[in-house]
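Hints given; two lone chains; assemble the complex.
Top to bottom, those sequences are chains Z and X.
Residue numbers for the first sequence follow my numbering, beginning at 6 and rising by one.
Residue numbers for the second sequence follow my numbering, beginning at 11 and rising by one.
It should be emphasised that the hints constitute simulated quantities derived from the structure, not laboratory data.
Treat the numbers as computed from the prediction; the structure is a model and nothing was measured.
For each residue, glycine too, the CB sits at the ideal point set by N, CA and C.
Not one of these hints is a red herring.
Example chain Z residues on the side facing chain X (calculated, C-beta under 7 Å, incomplete):
{"hint": "1", "residue": "L124"}
{"hint": "2", "residue": "L306"}
{"hint": "3", "residue": "Q520"}
In the SDA-like style, the derived pairs of lysine to any residue whose C-alpha atoms are separated by at most 20 Å in a straight line are:
{"hint": "4", "chain 1": "Z", "residue 1": "K163", "chain 2": "Z", "residue 2": "E283"}
{"hint": "5", "chain 1": "Z", "residue 1": "K287", "chain 2": "Z", "residue 2": "P275"}
{"hint": "6", "chain 1": "X", "residue 1": "K14", "chain 2": "Z", "residue 2": "H80"}
{"hint": "7", "chain 1": "X", "residue 1": "K14", "chain 2": "Z", "residue 2": "I81"}
{"hint": "8", "chain 1": "Z", "residue 1": "K549", "chain 2": "X", "residue 2": "E57"}
{"hint": "9", "chain 1": "X", "residue 1": "K14", "chain 2": "Z", "residue 2": "I42"}
{"hint": "10", "chain 1": "X", "residue 1": "K14", "chain 2": "Z", "residue 2": "E50"}
{"hint": "11", "chain 1": "X", "residue 1": "K14", "chain 2": "Z", "residue 2": "L302"}
{"hint": "12", "chain 1": "X", "residue 1": "K14", "chain 2": "Z", "residue 2": "D300"}
{"hint": "13", "chain 1": "Z", "residue 1": "K549", "chain 2": "X", "residue 2": "A60"}
{"hint": "14", "chain 1": "X", "residue 1": "K74", "chain 2": "Z", "residue 2": "P521"}
{"hint": "15", "chain 1": "X", "residue 1": "K14", "chain 2": "Z", "residue 2": "W308"}
{"hint": "16", "chain 1": "X", "residue 1": "K14", "chain 2": "Z", "residue 2": "I301"}
{"hint": "17", "chain 1": "X", "residue 1": "K14", "chain 2": "Z", "residue 2": "T295"}
{"hint": "18", "chain 1": "X", "residue 1": "K14", "chain 2": "Z", "residue 2": "R86"}
{"hint": "19", "chain 1": "X", "residue 1": "K14", "chain 2": "Z", "residue 2": "G48"}
{"hint": "20", "chain 1": "Z", "residue 1": "K540", "chain 2": "X", "residue 2": "G81"}
{"hint": "21", "chain 1": "X", "residue 1": "K14", "chain 2": "Z", "residue 2": "R294"}
{"hint": "22", "chain 1": "Z", "residue 1": "K549", "chain 2": "X", "residue 2": "D145"}
{"hint": "23", "chain 1": "Z", "residue 1": "K549", "chain 2": "X", "residue 2": "D148"}
{"hint": "24", "chain 1": "Z", "residue 1": "K549", "chain 2": "X", "residue 2": "N62"}
{"hint": "25", "chain 1": "X", "residue 1": "K14", "chain 2": "Z", "residue 2": "V312"}
{"hint": "26", "chain 1": "Z", "residue 1": "K540", "chain 2": "X", "residue 2": "A80"}
{"hint": "27", "chain 1": "X", "residue 1": "K14", "chain 2": "Z", "residue 2": "F85"}
{"hint": "28", "chain 1": "Z", "residue 1": "K355", "chain 2": "Z", "residue 2": "S419"}
{"hint": "29", "chain 1": "X", "residue 1": "K14", "chain 2": "Z", "residue 2": "L311"}
{"hint": "30", "chain 1": "X", "residue 1": "K14", "chain 2": "Z", "residue 2": "D49"}
{"hint": "31", "chain 1": "X", "residue 1": "K14", "chain 2": "Z", "residue 2": "V78"}
{"hint": "32", "chain 1": "X", "residue 1": "K14", "chain 2": "Z", "residue 2": "Y82"}
{"hint": "33", "chain 1": "Z", "residue 1": "K549", "chain 2": "X", "residue 2": "N70"}
Ranges of calculated distance between the beta carbons of each label pair, as one might list FRET restraints:
{"hint": "34", "chain 1": "Z", "residue 1": "V417", "chain 2": "X", "residue 2": "E75", "range": "37 to 45 Å"}
{"hint": "35", "chain 1": "X", "residue 1": "S113", "chain 2": "Z", "residue 2": "M541", "range": "45 to 53 Å"}
{"hint": "36", "chain 1": "X", "residue 1": "P141", "chain 2": "Z", "residue 2": "S395", "range": "51 to 59 Å"}
{"hint": "37", "chain 1": "Z", "residue 1": "E414", "chain 2": "X", "residue 2": "A60", "range": "29 to 37 Å"}
{"hint": "38", "chain 1": "X", "residue 1": "E161", "chain 2": "Z", "residue 2": "L150", "range": "53 to 61 Å"}
{"hint": "39", "chain 1": "X", "residue 1": "G30", "chain 2": "Z", "residue 2": "V24", "range": "35 to 43 Å"}
{"hint": "40", "chain 1": "X", "residue 1": "E115", "chain 2": "Z", "residue 2": "R416", "range": "45 to 53 Å"}
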Amino acid sequence: MTTFVDQVREMGLKQAVLVKADEIVERVTAGMNISDIRAALRGDEPRRPNPRLRPHADSFWLHIRPSFYHTEVTHIYPTFRLGWLSTFMFVWETITGIILMIFYTPSPLVAYSNMWNILSNVPLGQLMRNMHRLGAEVMVVAVALHMLRTFITGSYKKPRQFTWATGMILLVLTLLLSFSGYLLPWDQLSYWALTVFISGAEAAPSPLPGIIPAEVINKNVLLILQGAPTLGAGGLLRWYLFHVLLMPLLLGIFFFVHYYKVVLHGLSLPPGREEIGEDTAKRVPKNERTYFIPDILTSELMWTALVTLFLTAGSLWFWDAPLEHHADPIVTPLHVVAPWYLSWSQGWLKLADKTLVVGFIPLLMVAFIVMPYFEVGKSRRYADRRLGLSVAMLFIAFMLVSNWMGTPEFRVQSSPEREVAQEIAPQEGPSVLLGVPFDELLPGTYEPGQVIADRPHLTRALEKFDEALALHSCTLTGNPEFEECRVTGEGKWGNSFTDSAMPDPVAKLIIEDVQPNLRKLVLHFEAVDPNNPDKMLVDLDWVKYRHADSNYEEECRFVNKNC
Amino acid sequence: MQVKVVIGTVAFMLTMMILGFAALREPARMEAFSRAAVGRSIETGAEIFANNCATCHGVNGEAKECYDTAGNQIGCKGLPLNSKGLVCGDRPARLEAMNWVGSKEAFIKQTVAAGRVGTAMPTWSERFGGPMRDDQIDNVVAFVLNWESEELCSQPDITFDWPESVDDFLAEFPEGDAANGEALYLSYGCIGCHGDVTQEGSNAVGPWLGEIAEVGATREEGKSAAQYVYESILDPNAFIAPDCPTGPCTSPSAMPGNFAERMAANPQDMADLLTFLLGSGE
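One chain only, chain X, in its complex shape (with noise of 0.2 Å):
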């Protein structure tokens, strides 16, 4: 009996040793598991990504290579969201622009949950009539999130003076390229929403463009199609067309109206896209 008294007052104490063990490195570990938990959600959401959003914001979330299912590039519909004026900092640029006081984190949940009406973004969220559950919007959101990058952050803002009037811009950058223009109508994924510009009805959402060199001339009294045209990329709730696919133009613009932004650090694309949608006799 004393044997046994001895195995276990030995096997309590070191049972007890262990636990004390273990309870020295519990804040390491779970530290670990912490970050563990956040790095699953993103590998989740990359998967989700890849799968759902990809088609509409690109590979890279930069907006700029998106394929359909068969794997032909297609123009991109999304914003890009791999973008410094999304993912860095607390305040970053774009809830500035949408008047949004909460957290970003709360701002791309509740634009994937609810999709942004008037727009391509659907409704993901299970809870508005989506096929997503609440976990995977959150990993999806997780993964955006992480675009949040030094390099990306660190990048300076790119700006540029865009002038008034469409003469002076292409005083300035008189070459169009219409070919490039071609390129730029799909990587900006003006054809997601405008479609294709040899196809009439082609388009999703907004007016239909094969036309816009006639038409663009009458939208507004004493405007030439050119000035109309580059008006409406740079703003695009200066004037809301009459002709939607889906009845009335939306008002505001379901436009994007950050490709004033989004040109600066290449003002020529804005010369290839002129070129290309109304003819380099314009």
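For reference, chain Z alone in the conformation it holds in the complex (with noise of 0.2 Å):
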């Protein structure tokens, strides 16, 4: 044993330097010294023995990885990649998520104060809220896709049915992770999405009728996600836990069950390559090999630069995360929504009873699960899954409607002013009328549709109010800017689009000064009722307040922001 020492009177300092690097360059990466390293990055053949393969023997972060994938499956096609997107938007949102975590705190006196405390005071706040919301978006796309692109490619089949059931249970907890974060920041958005998914568990069918009668079930599922009776400080705590602490920990042990499955299976060639019935994956002839390092590795991290480029660039210029009003269980904000990947069951509510939809997701999740154990067609073939196929394309399609059908344009319609007040100046978020420059908002009163010269985006606003009224209004006197009134109730009238429009309404924007910055935006309509000229049918004042500083235009920037 020399010390480094007697290294450097052996053969002086610069070459005990180099071989105490070589040295250590070996130990960190377990087993490739730097002429390895350069070696594998030339593309040049490795020495014998191979040392790219010593790091999958020795190194922790390289154990759990295949030394070598079949070159089929390292093509975009079959897996697009799709399973590395999920594991890399896990530790993203894992990286982002504990960043947060320094700047919150799960109490409703303080979770919403922290929000614009991230956004203002923070340095890089509002970009790593973004990142770490459009994430969780991008992660359920990732894994959704994954599954999809599983069943397609008939990946499923046996000996991977496992790996698919646990596959499922990520996808579900993934649903459950990205929608556990959305009370954390104690807004209308967030309160009120939570209290429409408590309140859909909360109509749980009894799994075991007439043994546990459903109220037990329904009260004990109520306090078990919200902790109390009423959604407040011990649901949020609830939820915040669920959010950092139990869902990411079943995640990661699903997650490293799902990959040794993928791992000790081997990942399934394209369906065409092998014998029906027959599973080549683990049998890899030499000359189809691709080894992990350097080409896969390689790859890897090609595309983690690639997907941190889009999801910064995404964050910092064209995705914001909303943050409404301050959470207020005694104001329901016009038209709550599921977020997007959960509408479709907020779709199926408006279809039958609550209590069938809650009980029937549960099931269709076990089908799912169960569901390559009993589909055992023995081909992965496209031409020969025809029926499956099909069946897996209405899903989809099922699933599309479903989701438009969550949606308030379904069947979901408050009153005509009101729709056209929510679509230029929402209860909640920015609007087209909101993010007006200030200096554009002079006191006055104006008309819809009305074009002010050098005030281009207050004319575009009230362009915009034109459009939302001629769209919930209709005509009895032969008004040309609506459409001819249609009959459609006892004291109701319509036009082609609803069947509940204003009949020759009277609307106007009226701006007044409150205080020297601050201004009261007043969207009145009124409309005579036509059966009785001495009543009013429609006399609604909707009031905004904007004030010179509060920066809707910064929020109007965004893509994702309706202005």
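Structure (structure tokens):
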């Protein structure tokens, strides 16, 4: 055993340092020295014995990765890198989530002001919040597409049934993980989305009818989900712990089981590559091997850089996490909606009884989990699976339609004047009217559709006002701006768009000064009852306040904001 | 593989450049968001004020124009908040008058949250049994403080040297307009506590003033009704009336002590009010 000092004496300082560096690199990489790494990067053949296999045996991080893949599965098709992307997103969410955790306290007293603190007082805080929120949605998409791909290529078939089952659990956990983060900002959006979710869960049917009464189940589900009879401090703490502790832990456990099975069985080859009924993923001929080091590793590092670039740019310029008003249990905003990835369940609730829907969802999940054990057709080839693939496509179409039915456009309309007001100045979130710069919102009375010189944003808002008004109005007096009214019921009129339209309404925007830097925007609607000229059918003042510094313009520059 | 290394390196460098760009504009962005946080708090405060506070403090916070839920004008029971004496400077006059040592934010917050005993101001914070959460109280405070403006705060202090004797005052302002006095009885908010003078028992907090022309002369020996009413408006604590609707009147008086200042700009208001309350014969 020679010490470093001995080495310096023996071969001089420069040479001794180089040897030492080589030795350290070899230890850190668990087997590859500097020249091995350079050779790998140059694309040279490895020396014998192959040092590029040693990290898979000796290092912690690489021991769960296979040392080589079948070249056929390393192209974009058949995996589309979706499993890798799902894993990447989980790591991404963990990192950004831990950073956000530093600035967050799960209490209704401060959670919402924590959000504003992250936005206004934490360097890169807005970016971090946007990255976490965008990442959550990308992760849902990635996991769902990963499952779809697995179905289409028939990779759930024997021997990979259990991998599919754990994958289904991971999909559900991903949805729950994404949704459990929804409550944490404690704004109106989160509060009411959770309230809808919990009231759905509360309606769950008893799993053992006759033995355990449904009331007992409902009461206890409610208590477990919100920690109290109403959603408050206890509920927030609980959902926070679900989000940062329980769900990630479960997801981590199932991820390792899932990935262990993936490696155990190997990535399934494209269906056309093997004989029907055979599984040759683990028998890779020497000439069809693509080694992890350097090819797969390089590829994964490239994708890491690309996805990071995509998410960073997306969070900075294109996509902004919403933040509405402080949660208020006594004010329900108009049109409470579930996040898009759960919108299908809201659609189902409009079709069927709540208990039926809530009871159906777990059954559907179980059906998906056990599906590979019943669907035992031997062939993975597309031509042999016309029925299965058709059912899958129908299911996707059904989910897309269900998702659309979950939006307020389907069967939930408030009164027409409120719909118009909500369109251009919604109760929550920025809008085309609030996004008008303060300098353009001069006091006065404005007509829908009015064009105002040198005030393009206000002109645009008034144009949108006019469009929304036309959509929800009709005429009995031949007013050319509106469609002809058709009678849709006793004292009710409609047009081609809606069954509930205002007959010949008068609408205007009134802007008043309240304080030197605060203005009141009033959307005034009135319509006389055609059956009773002394009575007003519609008479509404929809009030929004706008402060000079509120900076809705900043929010409006993102493409996911409705301005 | 070389292509992948290049693409990955370029993407990594671009990400770093984007982060650098984001970091450079952070101070300005955080500044804008700090102001936006206050702005949005004021917006919400304005909504809460219009729905809860304007009934007593008036639509512009001047305690001049108050309406009930049906839209009828009623007397303002509250003090003016859109007032130099409350929102201007670090030590507005109201803080001095109340011996408040803290900031004006804390003063307003405390008043909104806990209410003011003996006045019509209720407790608003749910911490003390009211209906509002902390964030709502904070929003209202932000809105009230936002009345501080150069225009309001640069107004000169108007003072008036009120004579001690009502007779000296009336010598200066002999013509009282009873009709305007009635309007002032509403707009100064007297009606909110003392009730409608034509309806006995309509008073909610203070004594009923329908018969003050007779009763006033009996309150303090040697003082005419006019002298008594005049003094009570200028200094509510000079004499505490015995007969408030909820029992003996509280001491110190629940009546705002700032009418001397509020009427200073227009002392004729005092003459009109006296004429309305006591009749022109006095």
